[in-house]
Amino acid sequence: MNASSRNARRIVRDIAHARAGDKGNTSNVSVWVYDPADFELLKKTLTSERIKRAFPHLIRGEVTRYELEHLHGLNFVMREALEGGVNRSLNLDSHGKSWSYLLLGLPVDEGP
Amino acid sequence: MVLECLGERTVAFGHRDRIVDPSRGYNPHLEMRMNALLPTCRAAGTVIITNMGAANPRAAAARTIEVARKLGFKGLKVACIEGDDVARAVPRDQPFMDEPGNLSDVDMPVVGMNAYLGSDAIVPALEAGADVVIGGRLADPSMFLAPLVHRFGWNGSDLQRLGAGTLVGHLMECGMQVTGGYFADPGMKDVDGLSRCGFPIAEVTEDGSAVITKLQTAGGCVNLATVKEQLLYEVHDPARYITPDVTADFSRVVVENAGADRVRVSNAGGSARPDSLKVTVGFDGGFQGEAGVSYAGPAAVERGRLAVEIVGHRIYKLLGGQPDLRFSLIGVNSLFTNAGTYPAETEDVRLHVAMRSRRREEVEVLLWEVESLLCCGPAGGGGFRGVIAPCVMTKSVLIERDLVRPTVEILMA
Chain A
1 MNASSRNARR IVRDIAHARA GDKGNTSNVS VWVYDPADFE LLKKTLTSER IKRAFPHLIR
61 GEVTRYELEH LHGLNFVMRE ALEGGVNRSL NLDSHGKSWS YLLLGLPVDE GP
Chain B
1001 MVLECLGERT VAFGHRDRIV DPSRGYNPHL EMRMNALLPT CRAAGTVIIT NMGAANPRAA
1061 AARTIEVARK LGFKGLKVAC IEGDDVARAV PRDQPFMDEP GNLSDVDMPV VGMNAYLGSD
1121 AIVPALEAGA DVVIGGRLAD PSMFLAPLVH RFGWNGSDLQ RLGAGTLVGH LMECGMQVTG
1181 GYFADPGMKD VDGLSRCGFP IAEVTEDGSA VITKLQTAGG CVNLATVKEQ LLYEVHDPAR
1241 YITPDVTADF SRVVVENAGA DRVRVSNAGG SARPDSLKVT VGFDGGFQGE AGVSYAGPAA
1301 VERGRLAVEI VGHRIYKLLG GQPDLRFSLI GVNSLFTNAG TYPAETEDVR LHVAMRSRRR
1361 EEVEVLLWEV ESLLCCGPAG GGGFRGVIAP CVMTKSVLIE RDLVRPTVEI LMA
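Residue numbers (our numbering), protein chains in the order written: chain A, 1 to 112; chain B, 1001 to 1413.
Extracted from the complex, chain B is given alone in its bound form (with noise of 0.2 Å):
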C-alpha cells in the first residue's frame, strides 16, 4: 500500500510548518490516514510505503509509533528514511537545474532542500521488515518500485526491470487519476460512480508488466482512454523520464484490455539513471491574498469591469510602486485570460484579485479595498470573501549523488 502525498511545493509548506512547530512539519493527514489503515494492513500483513514524512519524516514516525500504540499493535516496526534533507550540503551559489542564474538570485529566506531519493533508499527498510515506511522526499515512483526491487530480487543494472517499475509508479502516483478521477467529461467520457472512485491496484509480474485495475465494489473505471492519460502526465519526453533510480523509456509501451476493468501494460524500457539526484529548494514566499465579489443580471460583466478599475486605482494608490496583482473576471477571463475569444454572454461573474506580498499587511489592505467596493463601487456587487494564505517558492538545482546519504532506522510501537 503506497500513500504519494508530496507535490514539489508541498515539503516548503512542511517546512514552513516544522519552524513554527518543530513537532509538525509532516502531513496534517498523518494520523487520521494511520488511524484508518493500520488496523486492516496489520491483519493482512500489508506494509504501507509512504512520503508523508515530507519536512519532518521523524516527526511523522514517531507519531504512527503513537497511533499503533493506542491501537494496540505492539512490535509494529515503523522504519524512519531520512537524508534527503540536503541543506548542509547544496552551495549557496548552486545554479538552477533548468533555467538561468543560482539560488543566491533569489531575494527570500530558505527554508530547506530536499533531494529527491529513489528506491535504493527504500529498500533496506523493507529488507529490515519494517510494517510502515516513512520518508521525506521520496521520489513518487519509486515508492512503488521499491517493493517489486524488493519482492523481485531485481538487479540494480536490470534497467529494463527498473524502467518497466518506474512505469507502474508512474501510473499509480497520483491514485484516482487512473482509476476514472479527472477523467469524466460529460457525454463523451462518462464515469460510473465517480463519488466513490476507488484506488487503483497494480498486478505486476516478475517481467515488469503489468494489469492496473480496482476493486469491482468502487466506483470509477480503468480502460485503454484513463491509463494513456496518466501515462503522459507530466511526462515531457515520453523515451526520456527521469528518475532517481532509472531513465525510463515509455515511448514503446503497450497499453491493452485485458477484461472489465484491467488494463495490461508492457514494454516499458530503461537506460542508465542519472548521475546527479534534482533538489527543491524551498523558499519563505511571504503571503498571497485572495479576494472577491459577486455581480449578477444586467450589465454584470460591466459592472465587474468597473471593479476591476476602481480597485485597480486603490491599490497602485495606497501601495504604489509595482504590487505583484492580478485581476480576473471570473465567467469571463479567469482561467484562460486573454488566450481564447470567448464571448462574454454571461450575466454572473465575480471579480477575483490575487496579490503576493513579502508583508500581510499590504495583503490586508487589498481585502480591505476590495470589500469595501461593497460601499464604493458599482451596484450590486454581493458576496465579498477575502482569505490571506502563507505562500512558498521552489526552486530545482542538483546535487552530486555521492553526496546524499539517506539512512533508515527502525522503531518499534
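Excised from the complex, chain A in its bound form (with noise of 0.2 Å):
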C-alpha cells in the first residue's frame, strides 16, 4: 500500500489516542496524539463543530473544545451526549466510556 492510499484511509487512532469520562448527562473525552508534530492535524481534524455533525442524534447539547498546547491534547465537553446519562439511559453503556473510540473512529482531515 502506497502512503497516499494509507493516508486516505487514516482514521484519528492512527494519530492519537483517548479517554472518555462522564458527569451526569455530559460526557467528556481527552484526545492526545502519539507525535507532537499531528497535532496541528489533530486541531484540525476534531473541531467541535465537526464532533457535533459526525453525531447529531447522540451529541444533542453544545460541544466545548479545550486545548493543552504543551501536551499536544485536546479535551472535548460534549452536554446532552449520554442520553439522559447513567440515572436515565437504558444503553448498554450508560456512562459513555466507549464514546473515545467514537472519536478515534472518525476520518482524518488530510485535505489542504
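There are no misleading hints in this set.
Computed cross-link-like contacts, DSS-like style, restricted to lysine-lysine with a CA-CA straight-line distance of at most 25 Å: (1) A:Lys97 - B:Lys1189; (2) A:Lys43 - A:Lys97; (3) A:Lys23 - A:Lys52; (4) A:Lys44 - B:Lys1189; (5) A:Lys43 - B:Lys1189; (6) B:Lys1278 - A:Lys97.
If you are wondering where the hints come from, they were derived from the structure by calculation, not from laboratory data.
Assembly of the complex is requested from the two constituent chains, each provided in isolation within its own frame, with the hints serving as guidance.
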C-alpha cells in the first residue's frame, strides 16, 4: 500500500489515543496525539463543529473544546450527549465509556 | 494507602441497603479488604484512608474493629468520619446544581443526601493518630490531599500546594487507570502484564510535585500517555477542577519522564475553594430489567430485528402507555446506537432489551416476553438470560459549607 492510499484511510486512532469520562448527561473525551508533529492535524480534524455534525442524534447539546498545547491534547466536553446519562439511559454503556472510540473512529482530515 | 471506592451512585445504593438492613450500607468488600491489608499496614505503620463507609461509616468502622480484634490487633485506632449525611439540612425544594428544576420535581422517594467532604474533614483523624480512617462521601482527591496536608503541614491558604496535592489525588483516585489499566489498545498501546496490573504509588515532595510510579514486580505501565489520559479523566475545564478543598488548575501541568514506569508531574495551580459543597441526592429508582436472546449464522441480523419488533408489540400491548424501554442488537447498534454508520455484516447478534419501572411486576413481564421468543419468535434464537436489579437515581444540589459539620470519632480495637 502506498503512502497516499494509506493516508486516505487514516482515522484518528492512527495518530492519537483517547479516554472518555462522564458527569451526568455530559461526556468528556480527551484526545492526545502520539507524535507532537500531528497535533496541528488533530486540531484541524477534531473541531467542536465536526464532532457535533458527525453525531447529531447522540450529541444533542453544545460541544466545547479545550486545548492543552504543551501536552498536545484536546479535551471535548459534550453536553446532552449520554441519552440522559447513567441515571436515565438504558444504553448498555450508560456512562458513554466507549465514546473515546467514537472520536477515534473519525477519518483524519488530510485535505489541504 | 488510600482506597477510593465510591461513585456518584454508589452512596445511593448504600442507602438502599441501609434502609433494608441498618447494619449494612457500607462497601460489601470492606471485610475482605481489611483482612487482606491490615496485617501488612499494621506491620509497616501505614495508615489506611477510605470512603468504604459509603452510606454507613459507623457500621463500617465497627466492622473494621471486629476484623482487627480477630486478627489480634489490640489497640488499633479506627477513625469514623461522619457529617456528610445532610438529609436534614437540605430544603425539599433545593434547586439542582447543574440543570433547571428542584428536588421537589422528582417523583421518587429520597434515600439519602450526602455532601462531599474535603481534606479538612480528614486531617483531624490523622492528627488523632488513627490507623484506619473511614468515611462516607469523602471527595476522591481529598483523601489523597489530606495526608499531604498533615505530613507537610501545608497551610489552607497555600492554594498552589492544595492544587498540586489535588492533582496527585486526581491521578491516583481511579487506581490502575493511571498504571495501564483501561489503556490497552493492541498494536497501538500495548501493556505488559495487564492481568496483574499494579496499583499506583505517588512519591510526593514538599513542594507538591510528584512522581507517579508502581511496583516493579507488578504488571501494567506508567508513561506519559497513561498519565495524560488520567489527567483529564472526568475533567471539563482543565483550568477549573473544583473540589471541596480548592479550585485546581491542571491546564499548565508539566508531565515528564523520570525513568522506567516513572512520570513526574508538577506545576499544578489553585485558586479559592467554593463557598458551597456539592450534595448527591439519591432516590429509589425502582427496578431495571435486562433480557437477551442471541441469533447466529445466515440472516442473524434480520432475525434479531424481527425479535425487536415482536417484543415491542407484546410489551406495548401488555403494559400500555410509554414504558421506559430500550432495544438494541449487540453486534449492530448496542453502544453507539445510530450515531455511526456501521455495516451490519455480522452473523452473530444478541437482542438486548432494557427496561426500568417503579413496579417490579412490569419488569418481570419484560423478562417473560423475551424468554417467550424461544417458542413464538424468529427461528434459531438461543441463550436467553434475564436479570432484574434495584435501581437508583441521583441529582446534585449545593449546600452552604457552614451547614456541613464533619465529625471524627476514634474507636479502639
